[in-house]
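Asker: Using the sequences and the accompanying hints, generate a full structural model.
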Amino acid sequence: LFRATLMTLAALILALIAFFFVYLINKAQPALSHQGFFSFLFTNDWNPSKEVFGAWPLVVGTLITAAIALVIGVPIAVATALFITELAPRRVRQPLVVLVELLAAVPSVVYGLWGIFVLIPKLKPASQWFADTFDFLPFVGGNVAGPNYFIAGLILAIMILPIVSAISREVISTVPPDLKEASLALGATRWEMIRMAVLPYSRAGITGAAMLGLGRAIGETIAVTLVIGNSPTIGKQIFDQGYTLAAVIANEFGEAANDKVHAGALFAAGLVLFVLTLLINAAARGLVRRAENKGTKVKAVPGGTVA
Amino acid sequence: MSATTALAPLTGRRRTTDKVMRGVLAVATLIALIPLVLVIYYLLKKGLGAWSWDFFTTDPTGNFLGDQGGVKSALLGTIEMVLLASLIAIPIGWGVGLYLVEFGRKGRFAATVRYFVDVMTGVPSIVFGLFVYVTLVLGGWGGSSFAGWKGSVALALLMLPVVTRSAEVVLLLVPDGLREAALALGTPRWRVTMKVVLPTALPGLITGSLLAVARAAGETAPLLFTATIVNGTTFNLGDRMNSLPVQIFTDVGSPNDQLVQRAWGAALALVCLILLTTLVARLASRRSRLS
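Chains A and W supply the protein sequences, listed in that same order. The first sequence: position 258 = 258 (the numbering used here), numbered continuously. The second sequence: position 93 = 93 (the numbering used here), numbered continuously.
Calculated directly from the structure, the hints in this document are not laboratory data. Be a bit skeptical, because a hint or two may be false.
What the simulated footprint calls covered on chain A by chain W, stretch by stretch (three residues with Cβ under 8 Å from a Cβ of chain W suffice, anywhere in the stretch; the number is not a length) [unchecked claim]: (1) 4-10; (2) 22-34; (3) 157-170; (4) 210-220; (5) 248-261.
Ranges of calculated distance between the beta carbons of each label pair, as one might list FRET restraints [stated by the list, open to error]: (6) V98(A) - T11(W): 34 to 44 Å; (7) S254(W) - Q128(A): 19 to 29 Å; (8) D132(A) - A111(W): 53 to 63 Å; (9) V98(A) - I79(W): 23 to 33 Å; (10) T5(A) - L173(W): 19 to 29 Å; (11) L173(W) - N258(A): 48 to 58 Å; (12) R108(W) - T5(A): 12 to 22 Å.
Quick caveat: nothing in here was measured; it's all calculated off a predicted structure. Ideal Cβ placement from N, Cα and C applies to all residues, glycine included.
Answerer: This is the structure we're talking about:
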């Protein structure tokens, strides 16, 4: 009986996810039948007052900010993981781990607050200089808007850093010491040991960690809502204002409460987010798990325990 | 693979590359910590100024002009909702964790559950909020539309996978020898679990759960749709309920300097609350005999 009770609880989780899915589809129906599924995803026109719901600018905004976050965040996160596991003196390792994890303790809304009142004004001159100097690059140049894709991506980079770093650290620590010692014994320098023994071995796991970061970046709402400018158009460059799927839900749900189609469009946006993050996470977890099982022993992954 | 080609003699160039790359990794770690320092610096600089006795003991007034009041209702609301969320999520999470470790080490069903729990940790918090909104709020459960307990349900959903996952990790650390010893004495399985496994793992379980609590306390998106925002303090979880994150989110968007000031103060209070919970969590794990 005890076993059955616990099993029911476990089954409850599966049922919940299935229920989520069905319910969101059901509620998104008015908008999807109004607009058509593909038209919802790929039309570049979001105008609730005219009952036009083409979510393409939101999809693009979500992808751009997430991409910026990954480009900035992942290399730094992996570097910190390598530094902490391979290079740092033993005494400072634990404090460094704690400090990096503190980044995850700061709530999203606080990052948003800091982004609006500190980051945006302080970074504006620098961004403008960058846009003017490097305007030959694609997607750079023109006037820098206050809130923009880049700022949102930067904040997301900070927010995904702890989880990407933590999981990379887990994966890197499963690299067999034999491999590392062998390469050092062959006369490799520390860096060569990292490049030739550690990185190839943990590549799949680090990819998985980056994808988990991607999942986070796509779904992050409040901080992004505060710093992206909330303009439902596709910006021409990275310092333009934009919008994301998550932000549109947070902003418009109030006015949409009495409009079935508008509300449905927001549920559909939620559905897209849900499915997207589900797929990304499923793939990422698979990668991380395989990478860790490759190590000597099956290690427990403290998945989202901290972040 | 390059490992099969012989390394060049340890020339100056290889030495330099090594030094440079080590430096790059160290610098990157420092860069990673810059935002932390900056956030804390600005929180203290702008937030402390907002703190006063009145700040914690008055409700927001909601006046258009003039005195805006403090954050009492938001602070209490956050605590109430997070407590209720913990009451929901922690027993279920521990239960599922127990199932996975005690009965589901092998087997398809357990593997599926484990996988989906992992995947669920990555579902955006706003999706949980949306889900509770469409089911409980629009459904008008319990007579009202927005309510504190609905906010708690959203937070509980968010906490559930985190609690489960950390419980599983800790329970796996309980030595099999202990279980076998108890079973060999003729103790039924459920008693072994309740009297041997749970007590042994308790400090670790508490740590994991408190970390989940800390995470939930800072969440804005799920509460925005479920408990919304009000001015007054209430202890009735069936009413709309204020919370620190939502209060901050609303204040930030306003053009009133006083409100922005309050947002900084509230943000500092929220971060302190979260850090305090995290600290207690770490202390609990100190007492653990498992490592």
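Asker: Now, for every hint given, state plainly whether the structure supports it.
Answerer: How the hints compare with the structure:
Counting residues of the stretch 4-10 of chain A whose CB lies closer than 8 Å to any CB of chain W gives 5, which reaches the minimum of 3, so the coverage claim holds. Residue count for the stretch 22-34 of chain A with a Cβ under 8 Å from a Cβ of chain W: 3. That meets the three needed, and the coverage hint holds. For the stretch 157-170 of chain A, the assignment as covered by chain W holds, since 3 residues bring a beta-carbon within under 8 Å of that chain's beta-carbons and 3 suffice. Counting residues of the stretch 210-220 of chain A whose CB lies closer than 8 Å to any CB of chain W gives 6, so the stated coverage by that chain holds, three being the minimum.
Counting residues of the stretch 248-261 of chain A whose C-beta lies closer than 8 Å to any C-beta of chain W gives 3; at least three are required, and the coverage claim holds. Separated by about 39 Å at the C-beta atoms, V98(A) and T11(W) satisfy the suggested range of 34 to 44 Å. The hinted range of 19 to 29 Å is satisfied by S254(W) and Q128(A), whose Cβ atoms lie roughly 27 Å apart. Take D132(A) and A111(W): their Cβ atoms lie about 55 Å apart, and the range 53 to 63 Å holds.
For V98(A) and I79(W), the hinted distance range of 23 to 33 Å is satisfied, since their beta carbons lie about 25 Å from each other. Taken as a hint, the range 19 to 29 Å holds for the pair T5(A) and L173(W), whose Cβ atoms sit roughly 23 Å apart. At roughly 52 Å, the beta carbons of L173(W) and N258(A) sit within the given window of 48 to 58 Å. Between R108(W) and T5(A) the beta carbons are some 20 Å apart, a value that agrees with the proposed interval 12 to 22 Å.
The structure fails none of the hints (numbered hints given earlier).
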